[in-house]
Amino acid sequence: MAIQASQPNVNPRLGQYFACFTSALFALVVLLILLEQLGIAQESLNLTMIIVLSALTLSLGIGASTNDVHEFFVAGRSVSANFNGFTLAISSLGATGLVALIGIFFFRGLDAFALELGWLAGFILMAVLFAPYLRKMGAFTIPGFLQFRFQSRSLRLLTVLALILPAVFILIAELRIGILTASLVINFQYQTISLLVGLIVIMSVIGGGMRSLTWIQCALLLLVLVGFLLPLTILAILLTNLPIPQLTYGTLFDDLILLEQSSGIVIDAPVTSQLIALPHSGLQKIQSPFLQYSSGLSGWNFIVVFSCIMAGISTLPTLLVRCGTTLDIYEARKSVAWGIFLLGIIIMSVPAYAVFAKYITLKDIVGSTFDQLPQWISLLTDSGQLSLSDTNQSGNLDLNEIMFARDGIALILPIVAEFPYSLIALTILSVTGAAIAGATAQLLSLSNMITDDVLYGLWRVPGPGKNRVIIVRVTMCLIATGAIWLVNFRDLDGLKLLLWSLSLSGATLFPVLIYSIWWNRFNLFGAMASIISGFAVTVLYIWFTEVAGGSDLFGISNMFAGALGIPSAFIAGFAVSLMTPSTSQKVFEIIEDMRIPGGETLYDRAHRLATRKH
Amino acid sequence: MNERSKHGSYWIGTRVLILSVLTTFFVCLVSALIFLSAMDKYELIGFPLGYLILSNGLIILAVGLVFWFVDRQHRLDHKHRMIEDI
Chain D
7 MAIQASQPNV NPRLGQYFAC FTSALFALVV LLILLEQLGI AQESLNLTMI
57 IVLSALTLSL GIGASTNDVH EFFVAGRSVS ANFNGFTLAI SSLGATGLVA
107 LIGIFFFRGL DAFALELGWL AGFILMAVLF APYLRKMGAF TIPGFLQFRF
157 QSRSLRLLTV LALILPAVFI LIAELRIGIL TASLVINFQY QTISLLVGLI
207 VIMSVIGGGM RSLTWIQCAL LLLVLVGFLL PLTILAILLT NLPIPQLTYG
257 TLFDDLILLE QSSGIVIDAP VTSQLIALPH SGLQKIQSPF LQYSSGLSGW
307 NFIVVFSCIM AGISTLPTLL VRCGTTLDIY EARKSVAWGI FLLGIIIMSV
357 PAYAVFAKYI TLKDIVGSTF DQLPQWISLL TDSGQLSLSD TNQSGNLDLN
407 EIMFARDGIA LILPIVAEFP YSLIALTILS VTGAAIAGAT AQLLSLSNMI
457 TDDVLYGLWR VPGPGKNRVI IVRVTMCLIA TGAIWLVNFR DLDGLKLLLW
507 SLSLSGATLF PVLIYSIWWN RFNLFGAMAS IISGFAVTVL YIWFTEVAGG
557 SDLFGISNMF AGALGIPSAF IAGFAVSLMT PSTSQKVFEI IEDMRIPGGE
607 TLYDRAHRLA TRKH
Chain H
110 MNERSKHGSY WIGTRVLILS VLTTFFVCLV SALIFLSAMD KYELIGFPLG
160 YLILSNGLII LAVGLVFWFV DRQHRLDHKH RMIEDI
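Chains as they are written, first to last, in my numbering: chain D, 7 to 620; chain H, 110 to 195.
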């Protein structure tokens, strides 16, 4: 890479710092394993790990505190491409996505590829269609971008209203999974743990906003990579003799098929007309074999699932806002490339993880007696993630007597493989870490949208910088309190919330962003029509099938309601734009300017001119 | 007017590049899905071939494509002198 002319604020030692962080993590795990062999109690292991990890997170978050508007909202536009890629990868998946993908592979086998490829394609679309142009515009939020593109404050307000719901959905899903996994290693009451998790989430971003978020998420991605890939790689060495699980788990397929047949999982006849059946969050039995092509990868089902997730991921506000944090447009594109690289590593390992988990579960648990069970399996059974009951009094566990919960699958691998407790705790805490990373990203983008966009959507004059930051902080506390209250409110299915959220934000933003960047004729009325119809169709469909008890239309499950919302938003935007007058010359110049990579960031220039006037 | 046409050729180049990235990926994706069961008759390092392409091949292709796109677009920007005074 050619050395950029201006790199004002980038710390050249960041790479070394994060290398230190990773090696410290490894050292901690090795140390704890040693201590465990010496006979230290489980509680003190838990405590050490939790204290060290939360101290690291909080010190990064609080250490990056700032009152500068530019630093708070876009990290001073000085994050280098690879670190921005780290944050993109972790906030696109979050704990919900990661855990749910592993669970879907475990229960439904190859159907999960439809979701996984949607994630991948979403990143490609983001890199080529959106990232460079959003970076040139440089708005702090997506509604801010639309306001600038269409020169309309009412559009900004409208977009915020549509984007609050999906952000709240993901925030709740992430908090829920964070609390669930934290409760496995902390012996407090559920309410206390939820307060603790909420406190960590708030504390880590309240100081420095986007700046804190960047460094926390980099550290947490490293934690997730270590926490998931370390047990997986060790198991791969034990089972296949090579430390690259992503390429070696194929050698287990023959054994896995034999195991599945002997424990009574039969291949059903492929049903192509049925909707993709995603596993629910409750306890359920393994019913389908891994290597079976069923409804998920064929025709209509694949298109529905794939397009919904692709649209949702490529326009997720949390990810698109991150384009503004890079140094220039080249770096913005490159950061998405790094993001897809890291995401690729994770989603390549996900099926390997599920196959290894299924293999050792069928091999070691099915058919064993109760006193042969792995030592730490009580972690899962006590928390309701696994249920073992000898219903036919045979003394052995049959497959029919074992019920798994979807979100517990991610933790099953190190437990059933009988790894040292420290490694198990590391995996559990890395899920918590991913949840904190996802929740902080959503919390920050939600509070930025609510304060900045609602305030400046209603009043024209931007206040002094410090107040702007303080208002965001107050909103952040309010939102987090509300979210913690909602998490305690009732039992929710994290995957469903995530997919609803992707459907909603995809249907609201994907058509509008495509049109507003790539079609000059697209005007304000088209944008409004597109946002309203996309959001309304999706929400109504979810409400109609979930609450009012209606039946599915066109074989689309309500988790993929975006498949109805996206086309209607495209059609409405197109039709209304053509029926109303064309864009003004001023807007046309903005569009022209947006498409050229050189020159000053448009948002910064407008802000500079506005402050000079006062 | 001269300025406009210079942007025009840059814009056409950008669009061709973007379209080629997207068509490459989607053609590969669709053909991987269509020929999935046909390719599964062959085996490579223990995997059925179709499965391997779906699980690893497409991801590697996507990562390579995006890095290639970043590089080509950067060259295009330089060629049309779009990147001065940042």
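Just so you know, the hints here were simulated from the structure itself, not pulled from any lab data.
Glycine included, every Cβ here is placed at the ideal spot set by N, Cα and C.
A couple of the hints might just be wrong.
Below, a list of computed lysine-lysine pairs in the DSBU-like style, where the Cα atoms sit at most 35 Å apart [what the hints assert, rightly or not]:
{"no.": "1", "chain 1": "D", "residue 1": "K291", "chain 2": "H", "residue 2": "K188"}
{"no.": "2", "chain 1": "D", "residue 1": "K369", "chain 2": "H", "residue 2": "K150"}
{"no.": "3", "chain 1": "D", "residue 1": "K291", "chain 2": "D", "residue 2": "K472"}
{"no.": "4", "chain 1": "D", "residue 1": "K472", "chain 2": "D", "residue 2": "K369"}
{"no.": "5", "chain 1": "D", "residue 1": "K592", "chain 2": "H", "residue 2": "K150"}
What the simulated footprint calls covered on chain H by chain D, stretch by stretch (three residues with Cβ under 8 Å from a Cβ of chain D suffice, anywhere in the stretch; the number is not a length) [said to hold, decoys possible]:
{"no.": "6", "stretch": "137 to 151"}
{"no.": "7", "stretch": "155 to 162"}
Going through the hints against the structure:
{"no.": "1", "hint": "D:K291 <-> H:K188", "in the structure": "59 Å, violated"}
{"no.": "2", "hint": "D:K369 <-> H:K150", "in the structure": "27 Å, holds"}
{"no.": "3", "hint": "D:K291 <-> D:K472", "in the structure": "55 Å, violated"}
{"no.": "4", "hint": "D:K472 <-> D:K369", "in the structure": "60 Å, violated"}
{"no.": "5", "hint": "D:K592 <-> H:K150", "in the structure": "59 Å, violated"}
{"no.": "6", "hint": "137 to 151", "in the structure": "holds (count 4)"}
{"no.": "7", "hint": "155 to 162", "in the structure": "holds (count 5)"}
Of the numbered hints listed earlier, those contradicted by the structure are 1, 3, 4, 5.
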